[in-house]
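Residues per chain are reported as follows:
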Amino acid sequence: RKEVEQDPGPFNVPEGATVAFNCTYSNSASQSFFWYRQDCRKEPKLLMSVYSSGNEDGRFTAQLNRASQYISLLIRDSKLSDSATYLCVVRLASGGSYIPTFGRGTSLIVHP
Amino acid sequence: DGGITQSPKYLFRKEGQNVTLSCEQNLNHDAMYWYRQDPGQGLRLIYYSQIVNDFQKGDIAEGYSVSREKKESFPLTVTSAQKNPTAFYLCASSMSRRGGTDTQYFGPGTRLTVL
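Chains A and B, in that order, give the protein sequences. FYI, the numbering for the first sequence is 5 to 116, going by the working numbering. FYI, the numbering for the second sequence is 576 to 690, going by the working numbering.
The hints are simulated quantities; they were obtained by calculation from the structure and are not laboratory data. A portion of the hints provided could be inaccurate.
[Stated by the list, open to error] Below 35 Å or equal to it, Euclidean Cα-Cα: the simulated DSBU-like pairs (lysine-lysine) are:
#: 1; chain 1: B; residue 1: K658; chain 2: A; residue 2: K83
#: 2; chain 1: A; residue 1: K83; chain 2: B; residue 2: K632
#: 3; chain 1: B; residue 1: K589; chain 2: A; residue 2: K46
#: 4; chain 1: B; residue 1: K584; chain 2: A; residue 2: K49
#: 5; chain 1: B; residue 1: K589; chain 2: B; residue 2: K658
#: 6; chain 1: B; residue 1: K645; chain 2: B; residue 2: K589
#: 7; chain 1: A; residue 1: K49; chain 2: B; residue 2: K645
#: 8; chain 1: B; residue 1: K658; chain 2: B; residue 2: K645
#: 9; chain 1: B; residue 1: K632; chain 2: B; residue 2: K589
#: 10; chain 1: B; residue 1: K658; chain 2: A; residue 2: K49
#: 11; chain 1: B; residue 1: K658; chain 2: B; residue 2: K646
#: 12; chain 1: B; residue 1: K646; chain 2: A; residue 2: K83
#: 13; chain 1: B; residue 1: K589; chain 2: A; residue 2: K83
#: 14; chain 1: A; residue 1: K83; chain 2: B; residue 2: K645
#: 15; chain 1: B; residue 1: K584; chain 2: B; residue 2: K632
#: 16; chain 1: A; residue 1: K49; chain 2: B; residue 2: K632
Start from the sequences, fold in the hints, and give me the full structure.
So, in structure tokens, the structure goes:
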């Protein structure tokens, strides 16, 4: 079983739609969680960290469910510019370091 | 401007040649990382360094080597022992080596093609 799993998609949605992605992780000792956005042939950029209590940034909401070992990203009122790949990142403590593990990413296509 | 630079953006190499990818950061970050990304795949960790003169192997270190002689620099050498080196290589850095909640910042990447 992979350490971090994501549905690769693509998720094809119309503008204005609400879309949600999940990411599951296998190691219950995972410490911190993030969502990154990656545009085609570009580097990943931090979208948001994921806190235990859940957090919101404009149209984006991230949730963490430690009991079921998954994190989620909800995008409301999708824009064309939201089209990208969304990477889930989980950091696991190992010998005093926090090693990040990336999921394969979920592709989102927002169409007019 | 603060950030991470990688050079070159595109690199072509003949089979059997070693090649070194540059990564420089002026963010005063302690930790630096090298990842490889293949089409349709996530990022896989090659090497990371939490402090100068120290580095650790990641999940796919075979065929690669690194050095960390200066805090700002973390060059990656792709050796001829790497069987499938054609990929997108990304360098990243982060502030804290123990925080766990620190954000990784990425350079623009180098696309390596082996001819």
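Item to complete: Report the numbers of all earlier hints that the structure fails to satisfy, in ascending order.
Response: 1, 2, 12, 13, 14
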